[in-house]
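Asks: Given these sequences and hints, build the entire structure.
Chains as they are written, first to last, in this note's numbering: chain A, 204 to 316; chain B, 5 to 119.
Think of the hints as simulated: they come from the structure by calculation, not from any bench. Quick reminder that beta carbons are idealized off the backbone N, C-alpha and C, glycines included. Any given hint could turn out to be false.
[Unchecked claim] Derived, one-sided and incomplete: chain B residues facing chain A with beta-carbon distance under 10 angstroms: (1) F38; (2) K106; (3) G110.
Below are the chains, spelled out letter by letter.
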Amino acid sequence: EPEVTQTPSHQVTQMGQEVILRCVPISNHLYFYWYRQILGQKVEFLVSFYNNEISEKSEIFDDQFSVERPDGSNFTLKIRSTKLEDSAMYFCASTGESDYGYTFGSGTRLTVV
Amino acid sequence: AQSVTQLDSHVSVSEGTPVLLRCNYSSSYSPSLFWYVQHPNKGLQLLLKYTSAATLVKGINGFEAEFKKSETSFHLTKPSAHMSDAAEYFCVVSDRFAGYNKLIFGAGTRLAVHP
Chain A
204 EPEVTQTPSH QVTQMGQEVI LRCVPISNHL YFYWYRQILG QKVEFLVSFY
254 NNEISEKSEI FDDQFSVERP DGSNFTLKIR STKLEDSAMY FCASTGESDY
304 GYTFGSGTRL TVV
Chain B
5 AQSVTQLDSH VSVSEGTPVL LRCNYSSSYS PSLFWYVQHP NKGLQLLLKY
55 TSAATLVKGI NGFEAEFKKS ETSFHLTKPS AHMSDAAEYF CVVSDRFAGY
105 NKLIFGAGTR LAVHP
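Replies: In structure tokens, the structure reads:
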């Protein structure tokens, strides 16, 4: 069964550093997403991406965040200057044209120290 | 605006007994509804989905859910719990709009299964 692959599984970074979280969506999917889950809290929508541009973003997704699909297979989330409160599990997901359910990756646990 | 309320933050059952995880939703449009499961330190796995077809939806691992529009509910059930069912369960709503859908998650219900 096709999978969404996320790397790394764990990332520890110092406050103020830039991080890039990487995702390989399912190959024939068209819509791509990032969600995050702060420990003990709800899973929250960050951003959706379609046709090489952001479709929608939440209020969480401020100027410190950016997404990119650099080569037609990878989908990345960049945090320019990490803050302690960015520590969370970040999930990538993708869906096809007529799908009604996402396929999520297994997540990247980001710890900012 | 869409929202989801999971009525129990924790549910504890004995192995072999029925499971009921309750979910109510609010949506301005015809919703799509999902249940996802998250095992410890794992990703989110789709259990089942409702997309305006049959109101009783069967999913993986013996789970099913019934969409009740009059009650705005989408409760998850399983006739007989297994130890491996212990996990966090999320009820999720989506309004399909502009060709894509943003998922709104409930707060989650942690299911414990005792021998």
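Asks: Compare the structure with each hint and give your call.
Replies: For each hint, the structure was consulted:
| no. | hint | in the structure |
| --- | --- | --- |
| 1 | F38 | holds (6 angstroms) |
| 2 | K106 | holds (5 angstroms) |
| 3 | G110 | holds (7 angstroms) |
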